[in-house]
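Novice: Sequence:
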Amino acid sequence: TMEMKDTGSVVLTAYHPQRPARIPGMEQSFVQDIPAGRKSLPCCRRLNRMLSNESTPPPAFSRSNSQASMDSTSMEDFWCEVESIKESREDGSEEATLLEFKPADEGELEAEWLQDVGLSTLISGAEEEDGQALLSTLTRTQAAAVQKRYNTYTQTLRKKNKHTVRDVRDIFGTNDSPPTFETVPVSPVPSNGIQLPGQKPVWKSVSSNSCLDCGLDKGSPSVTEELSYEISFSESITVLPKIQERPKNQRFKKEDSALPKFIVRKSRFGLTEVGDLSPEDMKKIRYLSLIELTAFYDALGIELKRNRAERVRGRENGLFGVPLTILLDNDQKKVPGIKVPLIFQKLLLKLEETGLETEGILRVPGSASRVKNLHQELEAKFYEDTFDWDQVRNNDAAGLLKMFIRELPSPLFTVEYLPAFITLVEKISKIKLQLQALHLLIMLLPEANRDTAKAFLQFLKKVVANEGKNKMNLWNVSMIVAPNLFIYKGKRANQQEMQAAATTAHIVRLLIRYQDILWTVPSFLISQVRKMNEAAMNNSKRQLMFDKGVRKLLRRKTMERERPERPEGAVTFPPYLQSDIPEGVIRVYAPLHSKVSMAIQLNSQTKAKDILARFHCENSRGSSQNMRGQIQSLHEIGGNIGQHCLDPDAYMLDVYRANPQAEWVIKPKAS
1 TMEMKDTGSV VLTAYHPQRP ARIPGMEQSF VQDIPAGRKS LPCCRRLNRM LSNESTPPPA
61 FSRSNSQASM DSTSMEDFWC EVESIKESRE DGSEEATLLE FKPADEGELE AEWLQDVGLS
121 TLISGAEEED GQALLSTLTR TQAAAVQKRY NTYTQTLRKK NKHTVRDVRD IFGTNDSPPT
181 FETVPVSPVP SNGIQLPGQK PVWKSVSSNS CLDCGLDKGS PSVTEELSYE ISFSESITVL
241 PKIQERPKNQ RFKKEDSALP KFIVRKSRFG LTEVGDLSPE DMKKIRYLSL IELTAFYDAL
301 GIELKRNRAE RVRGRENGLF GVPLTILLDN DQKKVPGIKV PLIFQKLLLK LEETGLETEG
361 ILRVPGSASR VKNLHQELEA KFYEDTFDWD QVRNNDAAGL LKMFIRELPS PLFTVEYLPA
421 FITLVEKISK IKLQLQALHL LIMLLPEANR DTAKAFLQFL KKVVANEGKN KMNLWNVSMI
481 VAPNLFIYKG KRANQQEMQA AATTAHIVRL LIRYQDILWT VPSFLISQVR KMNEAAMNNS
541 KRQLMFDKGV RKLLRRKTME RERPERPEGA VTFPPYLQSD IPEGVIRVYA PLHSKVSMAI
601 QLNSQTKAKD ILARFHCENS RGSSQNMRGQ IQSLHEIGGN IGQHCLDPDA YMLDVYRANP
661 QAEWVIKPKA S
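Note that the UniProt record's numbering has the sequence shown beginning at 1, numbered continuously upward.
Don't take each hint at face value.
Said to hold, decoys possible - The list that follows gives simulated cross-link-like pairs (lysine to aspartate or glutamate, DMTMM-like), each with its CA atoms no further than 20 Å apart: (1) K350 with E379; (2) K381 with D331; (3) K471 with E352; (4) K667 with E384; (5) K667 with D649; (6) K430 with D298; (7) K346 with D329; (8) K334 with E384; (9) K261 with D516.
Rather than coming from a laboratory, the hints here were simulated on the basis of the structure. Just so you know, these numbers come straight off a predicted model, no measurement behind them.
Start from the sequences and build out the full structure, keeping to the hints where you can.
Specialist: Printed below as a string of structure tokens:
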């Protein structure tokens, strides 16, 4: 139900604690609502009756009416799951949460956007180095996106006669369009590096390890497409697609073969996963991802809509209904460095150990009364380590897993960007473009949400891999999971659920199928982060070089004094190991090895894994017991990057040339 408060706010009661009352793009009326007040029948009998009764008006997923329709029988899993969720709420096993949405004043959304992309300096008027460094890295389309939002913001302030704002020409040059400040060239830049003068990206030939392969199982007929991370997605859109919106009579094909096969070839810099970069650099990746996503939608002629919700405080202790950040804070007291809540990990582990081959896992509901009792028992006994996991049946464990996701105070994919997830399917017809938008949305997620989503999707991939025994294919799993991630309740909820059904299931299908691609950081974003760091360092250096006397003094100082502040994770070594080394030679440090330092001459074929192998050979007998069994990786630390775990296939001479001021350290990769 919906009610209006005196403030004009809308209060929404949600299946998911923070679901929007309406998803943008879903306002069209397709069919009549399912009659209200009808009692739920067990095992989805009401749904089956509706599907088989020809005299009943067709539901929203009918072949002729739905914007993203499917055969009605293929949607049955979705509606059975919806019924199960409703019954769970009706019997009191889940708590309803009120979410308040307030309409944004004119200009407020633009102000929030500028803050979210790290450009609050444009609002405050302060000359902050971080904002200037970010602006200096933007591509042409990204700069246009920023300028468009800033124009709207300043025009709104002038209408309201508020404080004086900076003219857009002071930031972007003398003309309103296009911006005149220096932007990143559109030509390809090396993965994880910076474009070097006269250098062209070098692509490896195809081999078993030379590309990231996401798509169909071997033997499945499909067209293979190549994805490029070298150029920004928005810059690569040179021709506006003729059809922006999916035709109303077009249906998703549920067969796995309908999905194309994508590969991402490794350049000489290898590939970088989200966990390979420092938190400080990932924060900059988030800034750039939102700017790039906005520019991408602008290039396609699509409005990037965001929800604006008041924050609702969840529980501060317990397991279910607790914000992910609070759960992790509590869990890290027991297990330092943990990235996924312990209860979520345990539920996944239980299902992976005993439930992957269970027929109908995720689809066949557990006993509602047992799940309710297990829920209460977990809350009381989990942290005391007295809970008996052997008593938990597989279907009940699956029910608890889905309940955990539904009861999160903020959705796993965040309230703000749920409309953007829906829009990428409703307004973009080409799967490659959908995947690029989805990729940027994943980069936007807060760290806790992204890590938890990654663990969940990896589990779902294992479920699909066991289809032969559990009878759960990719579309079945997507149908079951979608309501738990995207369902909402409000006015005309039944109709909205139907309109969104196949759309949300398709999103989940893309998330599961292409997850290996989605956890890889696009190299053009890493290149921009490097440029941001370099610009910030140059600004700091310019502040220090305030006269010739200081410059002369600094020239006489040692290399150690000239280096910028050492980032967290850097290793301190004695002076005799820090002496100058020739061009093309790097000194690699391995604190956990018996031989802690080695100078290595690089050539055009030296890879990170070659250096690791050399250290392993030199230290195979003298390594400490603590190091044995750990996976060691070569890390690039400092210079124009915070900390970067290198791909074993990265060519070191190219990485060295992109960041000659870095230190090179062998240590375990962060889990």
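Novice: It remains to establish, for every hint, whether it holds in the given structure.
Specialist: We went through each hint and held it up to the structure:
1. K350 with E379: Status holds; Cα separation ~17 Å.
2. K381 with D331: Holds, because 15 Å separates the two Cα atoms, which is no more than 20 Å.
3. K471 with E352: Holds, because 16 Å separates the two Cα atoms, which is no more than 20 Å.
4. K667 with E384: It is violated: about 34 Å lies between the C-alpha atoms, which goes past 20 Å.
5. K667 with D649: holds (17 Å)
6. K430 with D298: Holds - the C-alpha atoms of D298 and K430 are around 16 Å apart, at most 20 Å.
7. K346 with D329: holds (17 Å)
8. K334 with E384: Distance ~11 Å between K334 and E384 Cα, so the pair holds.
9. K261 with D516: Roughly 12 Å between the alpha carbons, so the hint for K261 and D516 holds.
The structure shown violates just one earlier hint, number 4.
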